Amino acid sequence: MTSGREFQRRHRIDADPESVERGLVSLVLTVVELLRQLMERQALRRVDQGTLTDEQVENIGRTLMALEDRMAELREHFGLTREDLNLDLGPLGPLLPYD
Amino acid sequence: MAEATGVWVYAIAETAGPASLGELRGVGGGPVRPVGAVGLTAVVADVALNTYGESALRRNLEDLAWLEATARAHHQVIDAAGQLAPVLPMGLATVYSDDAGVRAMLAERGDHFRQTLRRIGARREWGVKAYEVPPSEVSLSETGRAPARAAAGPAAAGAGAAYLQRRRSELSAHKDARRSALLSAQQVHAELSRLAAENRMHAPQAPQLTGIREPMILNAAYLLDDGQGDDFAAAVSALAERYPGVRLELTGPWPPYSFAGPEAGAERASAAELLGGKICMGTQRAADPVRPAVAVRQDRPAPAPQRGTGREPAFPAERIALVDLLDRVLAGGVVVAGEVTLSIADVDMVTISLRALVTSVSALAEAGGDFGELNR
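These protein sequences, in sequence, are chains A and B. Its first residue numbered 1, the first sequence is counted upward by one per residue in the numbering used here. Its first residue numbered 1001, the second sequence is counted upward by one per residue in the numbering used here.
Extracted from the complex, chain A is given alone in its bound form:
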């Protein structure tokens, strides 16, 4: 299982005294960003299915828009870039699409 150990070592989130906040924040924001993008894609799927009312579509859109803005603010606040919130999962590919 050398590859497993290797993976763990390379993907460790290291909180040294100077960057403790940044390290934890990037971990949390990575998970949040994954869920945000996932919800966005699911929302588009649900809209395509046509089972949502116009009002629901509007509300979902507004919420996702606000979420995206919030996310950008948080990234800026902690000095993180989009790429900082992405992980290369090796053979699984990247966590989020490169854009």
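FYI, nobody ran anything at the bench for these hints, they're computed from the structure. Treat the hints with care, as some may be off.
With a cut-off of at most 20 Å between alpha-carbon atoms, the simulated EDC-like pairs for lysine to aspartate or glutamate come out as follows [as the list claims (entries may be wrong)]:
(1) B/1175 <-> A/54
(2) B/1175 <-> B/1225
(3) B/1175 <-> B/1063
(4) B/1175 <-> A/55
Between beta-carbon pairs, the in silico distance windows are [to be verified]:
(5) A/59 <-> B/1058: 56 to 64 Å
(6) A/72 <-> B/1084: 57 to 65 Å
(7) B/1194 <-> A/53: 53 to 61 Å
(8) A/35 <-> B/1003: 53 to 61 Å
(9) A/31 <-> B/1213: 18 to 26 Å
Everything numeric in this text was worked out from a predicted model, so none of it was measured. C-beta atoms are modelled at their ideal positions from N, C-alpha and C, and glycine is treated no differently.
Using the hints provided, position chain B relative to the given structure of chain A.
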């Protein structure tokens, strides 16, 4: 007692020509010399086993600075030898215990070496990589992300629906761009293959390794006749103009690293990449950095040589982001498992094992699941 030494093999040639390398020094600083057997000549140099022995190598190969210096020295000898006569480059860190071991290897695999040398001849290797160009640089006007945003002010009715609409077109524009870039790369490869005697397809490298933000979608090596390089370079620039969706990068000429063996083309190429000025280890190697044939004693029989270009390597599949994959499989539901180690000041403190079941609400509803509060 003298320091224990091993014999580092650089290349194999059919003549004694490349042996007269004069002052050239090898990887460990030792003089380069020939070892002959069965009409073949191996270009070798002695190396200290406490640095280049099997266990020391295993440790040192993980040190990228050490690896780069070693690979450069390795390449320098092969390149110099290649100027004098056609040579077959050996993989990085091919070490035998003594000259007798090298001779035994030459005798055992002689036929294979001769066949491969004849196949390659005086040809040289050229590398072509293609990167996807972001859609915004291809057509600035088409997606028009900024105007849509501005038009839908905060008070405007339907701003939410407009946002979803805009995200949909962005996502599909992205997907289309990726698909067309992949198609362009395939056509580039097909055109270039026609010019080359042989080609090898390597796994594209991840952005973290290339230091280039755009994803690499083609990483191929082409075997060209001597003096064909200028034509090939011209063909590459013509293709770059014809396909604006991809950015092409040409390197070479290299010694035929990718074509020396029938197997493991990828690891030869990563040695070549390393020498190109950047340290790029293929992703497939990152998990096991010791793979480049640490052959202190090679008892393995020679693999059957593969000849000609009959075998077309499969075009590498697109790397799908996990979020897209999740979106697609959510209908069935997935279990995400992961392990995160939190450490403070380099001391491991907490390991979190995560296991989460994720499924879309509509799939759950279809399955008749109880999703209580979730359905709004």
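Hint-by-hint comparison with the structure:
no.	hint	verdict
1	B/1175 <-> A/54	27 Å, violated
2	B/1175 <-> B/1225	38 Å, violated
3	B/1175 <-> B/1063	38 Å, violated
4	B/1175 <-> A/55	28 Å, violated
5	A/59 <-> B/1058: 56 to 64 Å	58 Å, holds
6	A/72 <-> B/1084: 57 to 65 Å	60 Å, holds
7	B/1194 <-> A/53: 53 to 61 Å	57 Å, holds
8	A/35 <-> B/1003: 53 to 61 Å	58 Å, holds
9	A/31 <-> B/1213: 18 to 26 Å	23 Å, holds
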